[in-house]
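All chains should be built: construct the whole structure from the sequences, respecting the hints.
Protein sequence lines, in the order shown, are assigned to chains A and B.
Be aware that the first sequence starts at 735, since it is given in this note's numbering, and climbs by one per residue.
Be aware that the second sequence starts at 472, since it is given in this note's numbering, and climbs by one per residue.
In case anyone wonders, no lab produced these hints; they're calculated from the structure.
There could be a bad hint or two in this list.
[Said to hold, decoys possible] Here are some of the chain B residues that sit facing chain A, going by a computed Cβ distance under 7 angstroms: (1) L518; (2) D528; (3) F571.
[Said to hold, decoys possible] Here are the computed distance ranges between Cβ atoms for each label pair: (4) N483/B <-> D772/A: 21 to 27 angstroms; (5) S816/A <-> L551/B: 37 to 43 angstroms; (6) T817/A <-> P481/B: 27 to 33 angstroms; (7) T847/A <-> K550/B: 37 to 43 angstroms.
For glycine and all other residues, C-beta sits at the position ideal for the given N, C-alpha and C.
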Amino acid sequence: DVKVTQSSRYLVKRTGEKVFLECVQDMDHENMFWYRQDPGLGLRLIYFSYDVKMKEKGDIPEGYSVSREKKERFSLILESASTNQTSMYLCASSAPGTLYEQYFGPGTRLTVT
Amino acid sequence: RKEVEQDPGPFNVPEGATVAFNCTYSNSASQSFFWYRQDCRKEPKLLMSVYSSGNEDGRFTAQLNRASQYISLLIRDSKLSDSATYLCVVPSYNTDKLIFGTGTRLQVFP
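Here it is, written out as structure tokens:
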């Protein structure tokens with residue numbers, strides 16, 4: 735069974751802290767994605783990656799960076815957390831050729847105070 | 472015009488009812504469309520794909536109207552377990568990204 739896991743379900747951080755959100759998939763998928771989901775705005779793509787060490791900006795990359803050192807792991811980094819980054823963060827992966835069939839992790843609810 | 476628009480609902484229907492909701496899209500060149508389902512406090516999961524005129528899977532039917540640029544999701548014989556938010560998803564023009572609608576919430580009551 736397909737599985738995407740995220741390091742934390744809930745996280746509370748202070749403004750200015752560096753935050754790491756980890757995502758791991760066990761399906762040997764090439765493609766991995768980071769989204770944030772906010773009420774009334776839907777899911778918005780932050781960054782995605784087609785392969786190890788590759789990354790592409792999504793629609794809202796400002797204030798974020800990513801790292802993909804291993805195929806199964808895709809990390810989202812908030813260099814200096816701000817209150818407007820309080821959100822639900824969802825990681826997803828998909829196999830090559832099935833870009834649109836994305837499997838999501840359970841999400842991390844991040845609160846920045 | 473937003474790339475993908477959905478009525479947020481909620482649609483409140485009794486068990487056994489038939490319910491349908493639409494999603495409009497702005498990119499007339501889009502060739503494929505998707506419905507994802509998201510249960511409360513859970514992650515989205517792919518429900519159905521729509522590539523041409525439509526797709527049917529059990530009680531669920533997805534249809535495409537290219538002339539009016541909308542897709543619809545019809546649920547027959549609604550079950551309590553169908554209560555969820557249904558996300559309309561369209562690939563972005565000329566990129567590999569998905570554009571998610573904000574979702575339509577369905578609540579099925581006994």
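Each hint tested on the structure:
| no. | hint | in the structure |
| --- | --- | --- |
| 1 | L518 | 11 angstroms, violated |
| 2 | D528 | 14 angstroms, violated |
| 3 | F571 | 4 angstroms, holds |
| 4 | N483/B <-> D772/A: 21 to 27 angstroms | 24 angstroms, holds |
| 5 | S816/A <-> L551/B: 37 to 43 angstroms | 40 angstroms, holds |
| 6 | T817/A <-> P481/B: 27 to 33 angstroms | 29 angstroms, holds |
| 7 | T847/A <-> K550/B: 37 to 43 angstroms | 40 angstroms, holds |
Going down the numbered hints, you'll see the structure goes against 1 and 2, while the others check out.
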